[in-house]
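Make a model of the complete structure from these sequences and hints.
These protein sequences, in sequence, are chains A and B. Just so you know, the working numbering puts 200 at position 200 of the first sequence, and the rest follows in order with no gaps. Throughout, the working numbering is defined as the position within the second sequence, counted from one, plus 1000.
Do not take every clue at face value.
Only some residues are given here: those of chain B computed to face chain A with a beta carbon under 7 angstroms [to be verified]:
#	residue
1	Val-1028
2	Asp-1040
3	Ser-1057
4	Lys-1072
5	Val-1082
6	Ala-1092
7	Ser-1101
Far from chain A, some chain B residues (derived; all Cβ distances over 12 angstroms) [what the hints assert, rightly or not]:
#	residue
8	Thr-1014
9	Ser-1041
10	Val-1042
11	Gly-1050
12	Gln-1124
13	Gly-1125
14	Phe-1126
No wet-lab data here; the hints were simulated from the structure. Positions of the beta carbon are idealized from the N, C-alpha and C atoms, including for glycine.
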Amino acid sequence: MATDTLEHTDVSHDQGSDWSGGNEPFKASYGKLMMWYFLLSDAFTFSGFLIAYGALRFSMPSWPIPDKVFSSIPGGIHGKPLYFVTFMTFVLLFSSFTMVRAVQEGHRENKSGVIKWMLLTVIGGLGFLSCQAWEWTTLIAKEHASVTTNPFGTHTESGVYLDAKGNPSDEVFNPDDSYLIHKISNDAHGAHDAHGDSHADDHGHDAHDDGHGHASYAGPGDYPDAFVDERGYIHRKYKILNSDTREAGIIAHEEFGPKAFGALFFFITGFHGFHVFSGVVFLLIILLNVWTGLYVERKNGYEMVEKIGLYWHFVDLVWIFVFLVFYLL
Amino acid sequence: MGHQSYEDSVKLVTKTILLLGAITLFEVFFALLGKGYISDSVHFPLWVVGGVMIALSLVKAYYIVYEFMHMKYEVPGMVKSVVLPTLLLVWAIIAFFWEGSDWKKRRSLIDDKNTGRYEQQVPQGFLILDNQTKKI
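In C-alpha cells, the structure reads:
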C-alpha cells in the first residue's frame, strides 16, 4: 500500500500537489473538480430565480407577452419578435465555440492559437454585453419599464377604446391583446416630441396607431379618453364589452401589468449579465497570463484555460434557459 | 479525454456548434410559427409550442455540457456527482409551479368574495343561519 502511493506521487509530481493523497479522485484535478461543484451550486441559484419567475407567472391572471415586450431591433425597427435575442444567443453560442477551440489549442501547447481564440471569445462576450445594454436601454428609457413599474399589460376582457371626446372609437380589443402604457414626455418642450423615435414604442402593440397623439395631455389628470397618473403614465380609457368579472358598459382604464415582471426580468438577466461580465474579466486575466508565458512553464496543457472555459460554457448554458423562459415561452 | 486526435476533436466541436445553431434557428422558427407570426392560419396549442421549446433547450444543454464542457469524457462517478443533484430541481419545479397556480386560485377567490360574486356552497340538508352552517 505504502509503495503504491509513493509510486503514484512520483508519476504525477508535475501535476502539482493539490491532492496530497496521491490519487486524484475522479481523475480530475482539484481546480477543475471544484469549478464543476461551484457551477453546480450556481446552477441551483439560477434555477431558484427561474423557478420563482415561473411560480409568479403561474400565479397571475395575465402576464406580459414576451413577443410584444421584446420586439425591437436597433435601427428603429419594431414588431419583430425574437429577432434580436436570437442574434444575442448566436453571439454567445459562437463565443462558446471559440472557447472550446482555445482549450483544444491549449492541449497541444499552441500558445498563439490559445491567444487568438481567447481574444475572439472576449470579443463575443463584449458583444453580448453590448446587446444587453441596448435592450435594457430600450426598456428603461423608451418604454419606461422599471424594477417596480411594468407598463406592459394584457387585457383580460374585451372592450372598445374611447376617443378624445370620450365616445367609443372603432378601436376594439379582445382578451389576451396586449398594450403598452405610454408616458407623457417630460422634456423641455412639454409636448410629445415629434421626431422619428417618438412613436417608436408602438412596435406592434395593437392598441396604438401613429395617429394617436399624446400632445393633448398637459399633465397628470383625468381626460375623456385617458387617465394620466402623477408620474405621467397614460392609462387609456375603454368601455367594457364583455368581461368575466365586471359588467359590460362600465368605463375602465388600462392597468399596469404584473409588478413582479420588471423585478424578475432586470434581476435575472442582470445577474446573468454580471456573470458574463466577470467571465470577460477572468478571460482577460488568463489571456494576459497566457501571453506572458506563465502556462508554458506549468506544462499542464493550459489547464487554467480549461477552467475558465468551463465557467464560460456554463454562462452560455444558463443563457439557453433564460432565453427559453423569458423569450420563447 | 484526449481519446481523439486534434483534427477529430476540432471536427467534432465544429459539428456540435453547427448543430446548436441549427436547433436554435428551428426553435425560433417553431415559436414564431406556433404563435401565428408567420402565417395567420397556423396556430399550435400552447403546450405543444412550450413542450417542443423545453425539449430542444434540454438537447442544447446536453451538447453544451457533454461536448463543450467535456462531461462525456469524465469518469462516471464524477458525472454522477454533478448531474444527479440537479434532479432535485424536478421536484422544485413541480412544487413551486403547483404553488404558483394555487396562489392564483386563492387570489381570485378572495377577489370574488370581496366583490360579492362568491356564492357559498351549502351541503344538502344544511342551511346558513347567522353566518354559521347548521344542520336542518
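Evaluation of the provided hints:
Interface restraint check for B/Val-1028: the shortest CB-CB distance to chain A comes to about 5 angstroms, inside 7 angstroms, so the restraint holds. With a cut of 7 angstroms, the hint placing B/Asp-1040 at the interface with chain A is violated, because the nearest CB-to-CB distance is about 14 angstroms. Given hint, B/Ser-1057 at the interface with chain A, holds; its Cβ is 4 angstroms from that chain's nearest Cβ, closer than 7 angstroms. Because the beta carbon of B/Lys-1072 sits about 13 angstroms from the nearest beta carbon in chain A, more than 7 angstroms, this interface hint is broken.
At about 5 angstroms, the closest approach between the beta carbon of B/Val-1082 and any beta carbon in chain A falls short of 7 angstroms, and the interface hint on this residue holds. Annotation: interface hint on B/Ala-1092 holds; nearest CB of chain A at approximately 6 angstroms, less than 7 angstroms. The beta carbon of B/Ser-1101 is positioned within 7 angstroms of a beta carbon in chain A (closest approach about 5 angstroms), and the interface hint is therefore held. Listed as outside the interface, B/Thr-1014 is inconsistent with that label: its C-beta sits roughly 8 angstroms from the nearest C-beta of chain A, within the 12 angstroms cut-off.
For B/Ser-1041, the requirement that its beta carbon stay farther than 12 angstroms from each beta carbon of chain A is met, with the minimum near 18 angstroms. Annotated as non-interface, B/Val-1042 keeps its C-beta farther than 12 angstroms from every C-beta of chain A; the closest such distance is 15 angstroms. Annotated as non-interface, B/Gly-1050 brings its C-beta within 12 angstroms of a C-beta of chain A; the closest such distance is 5 angstroms. Non-interface status of B/Gln-1124 relative to chain A is upheld: no Cβ of that chain comes within 12 angstroms, the nearest being about 28 angstroms off.
The Cβ of B/Gly-1125 lies farther than 12 angstroms from every Cβ of chain A, with a closest approach of about 32 angstroms, so its non-interface assignment holds. A cut-off of 12 angstroms between C-beta atoms confirms that B/Phe-1126 is not in contact with chain A; the least separation is 29 angstroms.
Checked against the numbered hints above, the structure breaks hints 2, 4, 8 and 11 and satisfies the rest.
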